[in-house]
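Once you've looked at the hints, go ahead and assemble the two chains, each given alone in its own frame, into the complex.
Here is what each chain is made of, one letter per residue.
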Amino acid sequence: MIEVKNLHKSFGDAHVLKGITTTFEKGKTNLIIGQSGSGKTVFIKCLLGLFVPDEGIISYDGKIYSELTSRERRDLRQEMGMVFQGSALFDSMTVEGNVMFPLDMFTKQSKSEMLDRVNFVLKRVNLEDANQKYPSELSGGMQKRVAIARAIVMNPKYLFCDEPNSGLDPKTAILIDNLIQEITQEYDITTVINSHDMNSVMEIGEKIIFLKDGIKEWEGSNKEIFKTDNAAVTNFVYSSELFKKVRQMYIEERN
Amino acid sequence: MVREVFKKPTKWPIMKSLILKEIDELIYGSMGIIIFISFFIGGVVAIQTALNISNPLIPRNLIGFATRQSVILEFAPTFTSIIMAGKVGSYITSSIGTMRVTEQIDALEVMGVNSLNYLVFPKIIAMFMYPFAVAIAMYVGIFGGWIAGVFGGFSSSADFVEGLQLDFIPFHVTYSFIKSVVFAFVIATIPSYHGYYMKGGALEVGKASTTAFVWTSVVIIILNYVLTQLLLG
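Here the protein sequences line up with chains A and B, keeping their order. The first sequence: position 127 = 517 (my numbering), numbered continuously. The second sequence: position 182 = 281 (my numbering), numbered continuously.
So that you can see chain B by itself, here it is in the shape it has in the complex (with noise of 0.2 Å):
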């Protein structure tokens, strides 16, 4: 499939106001459950981090440097992509489904479209907008976990930002957004090829959005472990 998807290009003026269209779709209308989620994540993993510190020799900072790890390295990248999976995952899959079942990218084959080319790649090009989204999320993430430790008791500003600082490895962000560019691909691709090769009716076309997901979900979640492993073991 992924071959077919880079074949026989759709006209250029044409694919381009695909891809714009795509990235208002898939990116910028996730931008409110993204900043949303991140916020209050950043916020719980402060108050956490704080609630199981007992040891008075461990210092307050840990909050901030707990949450800017936490945050940077897994909750922006993995989990905002579990979020995408159900949200941008099951859109494709059923708006492609079904133009499936109602015989819409048949006649486009039948125009000598290459259908998907069309239906396909806009969507690969503007999940390569996603870094900036998780960007977005580790940013609001921290902010989230500021709020909570400061406003609630849990930590001073200074304390929380001097954590923030400590031992900070720029490679964390880099390994960060290698992760979400890998993620991006499947977010697009596995809930396409669900909603692409489905056959039946409306009922199916639910069906294939929830089995889209948990494939997504699934691939995530090992691609997570294996590039951990390969680029931070």
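Next up, chain A with everything else stripped away, as it sits in the complex (with noise of 0.2 Å):
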């Protein structure tokens, strides 16, 4: 699980966080929302420890991360999964170079232990015979499958996923998204996904927090979300004609 206290951050004179409290509970699909500009992935960030939050807390099963020296920081990334927006694999390494390289830098495995792991992960992301590939010879859903394996292969307690099927067609996003939520459900892992895609809102929004302007407006479940009377999330759920009519027919079966 992971809490945030009070959580400000800003760059200059953009106050890009305020005050932001909330709970990321475990073995659930946690998702960040919000409209561009909104503070989604500056929050991601500073959970990940990228950037150093200005006030506030953040603990990770009741550990402190500001309090946590830089050893201890270390090895609690080394619990921490994350699959960027772009994939973020390395161009120069295979699929298989990709995905051994958190072991190879932090286990003591030999090759074949390795290479077992590897092809365990990658079978569990449906991605076979793809191991002496590169990056650049995969479609950009491959590309994400790669990611997660590579987040996942350090059986990792929390996983960051920034909005993970951007960029990708309605089917393969959808299959991206069930794929974490299966392997969040199946790990007991604590999964935080930045997104503004409605389709993973709906799917997979286990817990919900809308931002808005660096500020936490909102926060419930996927269920929850179409029957909230909050103007600002209403307007950013049913932004498109689609789902306008969707909270029309829901309105309409409620009277």
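Among the hints, erroneous ones may be present.
[Stated by the list, open to error] Simulated restraints, written as ranges between beta carbons of each label pair:
{"hint": "1", "chain 1": "A", "residue 1": "Lys395", "chain 2": "B", "residue 2": "Gly131", "range": "54 to 62 Å"}
{"hint": "2", "chain 1": "B", "residue 1": "Ala234", "chain 2": "A", "residue 2": "Thr497", "range": "35 to 43 Å"}
{"hint": "3", "chain 1": "A", "residue 1": "Asn509", "chain 2": "B", "residue 2": "Ile132", "range": "37 to 45 Å"}
{"hint": "4", "chain 1": "A", "residue 1": "Glu518", "chain 2": "B", "residue 2": "Phe284", "range": "42 to 50 Å"}
{"hint": "5", "chain 1": "B", "residue 1": "Tyr296", "chain 2": "A", "residue 2": "Asn645", "range": "57 to 65 Å"}
{"hint": "6", "chain 1": "B", "residue 1": "Ile277", "chain 2": "A", "residue 2": "Glu518", "range": "49 to 57 Å"}
It is worth saying that the hints were derived from the structure and are not from the lab. Note that beta-carbon positions come from the ideal geometry of N, C-alpha and C, so glycine has one too.
This is the structure:
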């Protein structure tokens, strides 16, 4: 579980995060949603330790990040997996090299043990027979799956995904969403997903945090988001005509 | 940045392979251009020296002497370093800058890898092989001078070789190697800095490479002056 208390972050005069307090639960897919520029990426980068908050506390299963020594922080980071928006695969390495990289860096496993683990996670993300391919030879969806495989290869306790289905077709996006949710439940991971994709919200949003101008405007589940009367949330969720019709049908059904 | 580069080192077996890869990319991969330029620069120095000797009292062995001094003292260590700042420096900036733009550096940091150590340290160590490249540049430059001098009809081989051996001060070679070690450090670190701390997209990667080349060249030229004053002045 990740607990965030009164998180503030500024860049010069721009106050990006304004006192966010929330909890990301274990074994659940926690979604951070909001418009572009609402502070989602800055928030997730604070959770990853890539940005140092100006104020506030982030604790990982009771361990307060700002109170950890640099060695403890390094150990904690090895318990985190991250799927970047653009996958961030190492261009110079094959799929196998990319997935094996964390094992090679931080474990003392033999080459065959590492290969077994790599093949296992690649099979888990339905990506067999691509071991010797380079990232440039893969489609966007395949790159995302390699990124997920690399993120889970060390059995992380925390999985972060920054817009995992951006740039993907709707069918592949749903596959990626479902894969993340399955992995979260299977390995009992605390997963935090940064998204503005409404399909993801509906499919896997077990807990949703809505950010607006750096403030936590609303939180709840994918079932609750359709019932909320919060104007900012409804404006965001029902920005497309399709979802407006869905809401209309829901209201008519309720009445 | 330099302090971070030496903190929290990467596992030695991985670092060893990274260093060997960088030696291949940065040093071995530059040998072609270094040999090509050195050969012709040595030749041009020999020809220009020969063409500027109008007084019959000046011995013809001056061609070999001037070629040796010019190549060993300046052309091999300094001129080659400027070329390397362009070739190797822009490669370092663009490769690290692209990793920054595509979030590969963030990926390393999230995993708990000291990205500066992982990316920059192997380049610094690999560049310590640079004096070997400078030694080859010296040899090829003088050989180029001999070819141009002898086959161009400006000097006999005996005169040229006599000039090469005339008043030879071994410390000049040491001075040249000291300079090349310092320049190697500059060529590895300044472009790395510009790549690592760049912000923006693909266009900024190109701009960062240009800026890195300019600053590396400026620092090399200033250090060349300072080191010459300190070591030979």
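Of the hints given before, which are not true for this structure? Those not satisfied: there are none.
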